[in-house]
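Colleague: Make a model of the complete structure from these sequences and hints.
Numbered per mature numbering (1 follows the signal peptide of the UniProt record, and there is no 0), the sequence shown spans residues -19 to -1, 1 to 726.
Treat the hints with care, as some may be off.
[Unchecked claim] 25 Å max Cα-Cα, derived SDA-like pairs, lysine to any residue: (1) K442 <-> F591; (2) K682 <-> K162; (3) K351 <-> M368; (4) K682 <-> N519; (5) K120 <-> D485; (6) K433 <-> T587; (7) K501 <-> V321; (8) K501 <-> T324; (9) K162 <-> S482.
[Stated by the list, open to error] For each label pair, taking beta carbons as the anchor points, the in silico distance ranges come out as: (10) A178 <-> T480: 24 to 34 Å; (11) P719 <-> D512: 35 to 45 Å; (12) R63 <-> V498: 48 to 58 Å; (13) E492 <-> P716: 14 to 24 Å; (14) R229 <-> D609: 18 to 28 Å; (15) H474 <-> S95: 21 to 31 Å; (16) A220 <-> P716: 20 to 30 Å; (17) A199 <-> E369: 42 to 52 Å; (18) T722 <-> H647: 27 to 37 Å.
If you're looking for bench data, these hints aren't it; they were derived computationally from the structure. Built from N, CA and C at the ideal position, the CB exists for glycine as well.
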Amino acid sequence: MDVSTILLLLYSITAQCHCKKISLSNFLKNITVRADNLTLYMHDVDIHNGLVSFDSVRVEADGVQYNPDKRSEHPYNSGAERVVHYPELASSIDRSIDPCRDFYSYVCKGWIKSHPIPENQFELTQTQVLKEKILREMKELMVTIPAHTTREDILMRIFYQKCVHNTLQPDNDGISMLLSKMRILRRTTSLTDWLLAMRTETIFYDLTVSVDEYNSSANILQIVPGTSMMSARIYFDPAYSHEFVATRDVLFKMLALLSSKDIFMEFFPPNLYDHVRRIESLIMVDQTVAKILEETEFNTDSITVTVAELRGMLKTVDWIRYAHALLPPQLRYSLARRPVRITKTATIQRLEEILLSIDDQTLSDYLDWKAIFHYGDFLGEDFQRLMEEFTAQVYGVKGIDRINDCVSLAMNTFYDIAGRLYLERYFNFDSVFIVKELVEDVRAAFLEMLNKNEWMDMETKERARRKANAIRDFIGYDNNIFNDTLRQVRYAHLTYTATNSYYDITMAIQEWMRESVFLKLDKTNTRGTFDTSVMEVNAFYDSNRNQVAVSAGILQSPFFNASLPRLLNYGAIGVVAGHEVTHAFDDSGASYDEFGNKNDWWDEATYKNFERRKECFDHQYGSIFVNDLNVQIDGRRTEGENIADNGGMRAAIRAASRLSERTSEHFTIAGLEGYTQMQYFFMNYAFIWCGNTRRATLLNKLANDVHAPDMYRVNVVLSNQPEFAEAFECQRGSPMFPERTCTLW
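Modeller: Here it is, written out as structure tokens:
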């Protein structure tokens, strides 16, 4: 263990330490450290349930000496030749397939064959298997929360129990609540009145609070575009006609059901003409919105005005009155003069034009649909059955476990409470140190790639280096998740009891969430927090914080396994980490500096080189027709993720090479003898993306997902890497080593 490793260890402890879980003896085994006058200075120490956490630690000592046992390897460095048992991967390889033609199938054929999609799931992938595992673990935690525990834990438990009860025994009160709300809405005389009556609903665009992209330490009011019910592809692409037809069908059935419940025929008379008009109104408006959102998807312009000036630009809403109602009392001062940023200005202006041009009847019908969808989850078992029939008709999925939906809702709503329980019960805290070192290796590899980059001028390259070095990483979790005081403050204004209905509790949570968003308006942002669910099977890059976060949920097999050779982990979680680092320099992240501020830090000629290289990926992915669907990947929509996939792989390859240079680690996987180390590396990368996806689910992803389908996240990425072609001796011109490849980072 060299000095750099010791420094890394101390740095990791500084970042996060939960001493009950971490076995430092694993890292200090066979190492003797001697020092005189050793003093530890710890800041903001917190002890909870036997866990010790602190924000920072400073070590001071005189005459430090360390004596590592030369016979001892790093705790996860296997040293000389080693046979690794990895049956999951070994049994998946299909040697009858040419790896230079279709590497994804070569690696995943066995896994796909042994993992058919259950009838109650949309897909079965490695990621989904891991998500299901976490769901089972969280379900166990939800039902075992003791009766006498913290107030915040009780809030989560009550919500979960009410959701389960509503799923198993719907109270069918939603219809009466909807009709009651419709009476109120009918008395509104303006769109502002309607919005205030519905509170948590929005029309076309929304008023919210987000990070000021030009000053990331502050927050600002923003107007952001909303979403459409269906994407433009469903309306205009014949490949999606089945979903369009099924949607019209279920809308007719919903109106028929509402008519049968509206016994006084106040709003939903059993009139076919009325039903047809309502559905045509919804489709006409939603189709127009979807078309605008697609046509302006890549518009990034914004302007800043005051709330008072907003009324002159977006005339359909009384913004001062609306903002006054939404903002907490302490933030209503100088409201008319408060700045508000209109994001995606061209999109917002076109959406406003729709609102101004819609006739009163069409707008009334559309607003009625918004109210119906608002109460959708509470309209009783007949409506639940309708949605189940729709899901079966469109996706072929039957018997979805709705209890799991309640687990997911509770996990996402109370992500910090659930996350703390998950970490304390299931997380291996030792993995933080291993992954921390891996992430630092990948970052160093990315910096090497920057240094050897020949298409950037020196000044821009230096700015890029500063940004890469400034990236803050969170591995597994943020220490604040164990801070009882912060949790109590966060949930102080959320109040309900077991006597409240599921609907009332849900509305209370939505109001609390909205209030929490607006309370950020006058708060200062810091880069020292990671405010994302630790149970996500994912990793993240936040451009406003220049921050990478690798959630605890993904730090398990197949993405990470501490018992496997490090090279295999570099091919899995290492590529994921590289992917997130590369996001700092993708089509979006490249617009932000090292502090997370939107800033044009590029030399003009260098940026033109950047644009030319990223367009290569647009054409490469955009020319792919997926399987037998006759639907193309949207190269522009998936551009950022494709850049990150390719850059992350290049960084991980370089990091793996650096690893091989400094260690003697060498292994063979039982059942996969005769392969090289780098072949194993590429195999494990492909293995994390193995999966089965239903045809309709894949179509839906192609219409909405910013990622390419998993098969192409393997084959296209690896076809761009000369190291892959070298490892598997692929001939130039073969599918996995095409004549033209793309490289950005």
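Colleague: All hints are to be evaluated individually against the structure, with a verdict given for each.
Modeller: Evaluation of the provided hints:
1. About 12 Å separates the Cα atoms of K442 and F591, which keeps this hinted pair within 25 Å; it holds.
2. Between K682 and K162, the direct Cα distance comes to roughly 35 Å. Violation of the 25 Å bound is thereby established for this hinted pair.
3. The straight-line distance between the Cα atoms of K351 and M368 is roughly 17 Å, inside the 25 Å bound, and the hint therefore holds.
4. For the hint pairing K682 with N519, the CA-to-CA distance comes to about 17 Å; that is within 25 Å, so the pair holds.
5. Among the hinted pairs, K120 with D485 is consistent with the structure: their alpha-carbon atoms are about 23 Å apart, no more than 25 Å.
6. Between K433 and T587, the direct Cα distance comes to roughly 15 Å. Compliance with the 25 Å bound is thereby established for this hinted pair.
7. For a cut-off of 25 Å, the pair hint linking K501 to V321 stands: about 14 Å separates their Cα positions.
8. For a cut-off of 25 Å, the pair hint linking K501 to T324 stands: about 18 Å separates their Cα positions.
9. Taken as a hint, the K162 and S482 pair is honoured in the structure, with Cα atoms around 17 Å apart against an allowance of 25 Å.
10. Between A178 and T480, the C-beta spacing of about 26 Å keeps the proposed range 24 to 34 Å intact.
11. Separation of P719 from D512 is about 41 Å and conforms to the stated range, judged on CB atoms against 35 to 45 Å.
12. Range check, R63 to V498: about 52 Å between beta-carbon atoms, so the 48 to 58 Å window is met.
13. Under the hint 14 to 24 Å, the C-beta atoms of E492 and P716, about 54 Å apart, miss the expected range.
14. With their beta carbons about 26 Å apart, R229 and D609 fall inside the hinted range of 18 to 28 Å.
15. Judged by the Cβ atoms, the range 21 to 31 Å given for H474 and S95 is violated: they are separated by roughly 49 Å.
16. The hinted window of 20 to 30 Å between A220 and P716 holds, with their beta carbons roughly 24 Å apart.
17. About 46 Å separates the C-beta atoms of A199 and E369, a value consistent with the hinted range of 42 to 52 Å.
18. Taking 27 to 37 Å as the suggested C-beta distance range, the pair T722 and H647 conforms, at roughly 30 Å.
When each numbered hint is compared with the structure, violations occur for hints 2, 13, 15.
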